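Chemist: Listed below are the residues making up each chain.
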Amino acid sequence: KAGVTQTPRYLIKTRGQQVTLSCSPISGHRSVSWYQQTPGQGLQFLFEYFSETQRNKGNFPGRFSGRQFSNSRSEMNVSTLELGDSALYLCASSSGPSGFSGNTIYFGEGSWLTVV
Amino acid sequence: GESVGLHLPTLSVQEGDNSIINCAYSNSASDYFIWYKQESGKGPQFIIDIRSNMDKRQGQRVTVLLNKTVKHLSLQIAATQPGDSAVYFCAEIETGGGADGLTFGKGTHLIIQP
Numbered sequence: 030k031a032g033v034t035q036t037p038r039y040l041i042k043t044r045g046q047q048v049t050l051s052c053s054p055i056s057g058h059r060s061v062s063w064y065q066q067t068p069g070q071g072l073q074f075l076f077e078y079f080s081e082t083q084r085n086k087g088n089f090p091g092r093f094s095g096r097q098f099s100n101s102r103s104e105m106n107v108s109t110l111e112l113g114d115s116a117l118y119l120c121a122s123s124s125g126p127s128g129f130s131g132n133t134i135y136f137g138e139g140s141w142l143t144v145v
Numbered sequence: 010g011e012s013v014g015l016h017l018p019t020l021s022v023q024e025g026d027n028s029i030i031n032c033a034y035s036n037s038a039s040d041y042f043i044w045y046k047q048e049s050g051k052g053p054q055f056i057i058d059i060r061s062n063m064d065k066r067q068g069q070r071v072t073v074l075l076n077k078t079v080k081h082l083s084l085q086i087a088a089t090q091p092g093d094s095a096v097y098f099c100a101e102i103e104t105g106g107g108a109d110g111l112t113f114g115k116g117t118h119l120i121i122q123p
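Residue numbers (our numbering), protein chains in the order written: chain A, 30 to 145; chain B, 10 to 123.
So here's chain B without its partners, still in its complex pose:
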């Protein structure tokens, strides 16, 4: 797999490798986090979410890790496939009624090399 810095506009990985996309969030009061995948010309597609009472959550080929101490979120994609090529966004929100919608990170463009 390949680990990237906190924000890397583009991440290129070989097909079949694992990829890790990182995200630093800004609001220490945020307690709900979502990863979205956006393919060219389409809207963001929900991948996986995690609440602040957890530090890890697994889905199908994806795992999200949350480190509240350093306000860091990561998305791990196992055995990447060509269809994983997209821009990945993390989003945060402080639940409880006062938040002005989701706050999105700038996104990481994941490129899968054959």
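Looking at chain A on its own, in the form it has when it is part of the complex:
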């Protein structure tokens, strides 16, 4: 069974540009969450999607958005990139909504974003 797949793995963008990251969850998983990891702030929750609906959102500005498709694949978008957006963006999947009993949460390898 394939794990959580994220693309692209590495990318470099310029300030002011926008970026779209993609995530394919484990087959059969319907919940996808996104996290940002930086050396200074650690791992921080961005948002979660379940059955194409955003369940909850972390404390990030509106420049960060996402969506989930009917096949459970998800994308996140960051508009008007800032230098501080440079980070590892991690996608996690689980069979049900994050944290519900029995729903182990698995992470992908992440997308490394560098903003210059």
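It should be emphasised that the hints constitute simulated quantities derived from the structure, not laboratory data. Take the hints with a grain of salt, since some may be wrong.
A few chain B positions that, by computed beta-carbon distances, are all more than 10 Å from chain A [unchecked claim]:
id : residue
1  : Leu20
2  : Arg66
3  : Gln67
4  : Ala87
5  : Ser94
6  : His118
7  : Ile121
8  : Gln122
Straight-line alpha carbon distances no greater than 27 Å define the calculated DSS-like cross-link-like pairs of lysine-lysine that follow [to be verified]:
id : chain 1 : residue 1 : chain 2 : residue 2
9  : B       : Lys65     : B       : Lys115
10 : B       : Lys51     : A       : Lys86
11 : B       : Lys115    : B       : Lys51
12 : B       : Lys80     : B       : Lys115
13 : B       : Lys65     : B       : Lys77
14 : A       : Lys42     : B       : Lys51
15 : B       : Lys80     : A       : Lys86
16 : B       : Lys115    : A       : Lys86
17 : A       : Lys42     : A       : Lys86
18 : B       : Lys115    : B       : Lys77
19 : B       : Lys80     : B       : Lys65
Remember, it's a predicted structure, so these values are computed and weren't measured experimentally. Beta carbons: idealized from backbone N, C-alpha and C, even for Gly.
Since chain A is already given, all that's left is putting chain B on it; use the hints.
Modeler: Just chain B now, kept in the frame of chain A:
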């Protein structure tokens, strides 16, 4: 084995020794806890989880202990191997639908000395 304080950025142990990584969690309502291992350049890898109705759970070479009274979680790794070198994160979540995702600790870098 070597016991560490509640948060120690780096823990160095001899290969073959037992290691204990500690974590203090913040939300007394959290009832599901997970330990992840993150190797350099990779995403977090699930190691073991525990629910609040348990105080101990064992896996292969790993044991997680939960003390809800003092909001403390620990990960014990038996007979450490070079492949255990990584950063270890604890994560907590309050199940039931209202949580904003997992809350992660700052991580402990485990170094295995030959």
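Chemist: Now look at each hint and say whether the structure bears it out.
Modeler: Evaluated hints:
| no. | hint | result |
| --- | --- | --- |
| 1 | Leu20 | 17 Å, holds |
| 2 | Arg66 | 13 Å, holds |
| 3 | Gln67 | 16 Å, holds |
| 4 | Ala87 | 22 Å, holds |
| 5 | Ser94 | 18 Å, holds |
| 6 | His118 | 12 Å, holds |
| 7 | Ile121 | 22 Å, holds |
| 8 | Gln122 | 24 Å, holds |
| 9 | B:Lys65 with B:Lys115 | 22 Å, holds |
| 10 | B:Lys51 with A:Lys86 | 24 Å, holds |
| 11 | B:Lys115 with B:Lys51 | 17 Å, holds |
| 12 | B:Lys80 with B:Lys115 | 16 Å, holds |
| 13 | B:Lys65 with B:Lys77 | 11 Å, holds |
| 14 | A:Lys42 with B:Lys51 | 21 Å, holds |
| 15 | B:Lys80 with A:Lys86 | 25 Å, holds |
| 16 | B:Lys115 with A:Lys86 | 21 Å, holds |
| 17 | A:Lys42 with A:Lys86 | 24 Å, holds |
| 18 | B:Lys115 with B:Lys77 | 19 Å, holds |
| 19 | B:Lys80 with B:Lys65 | 14 Å, holds |
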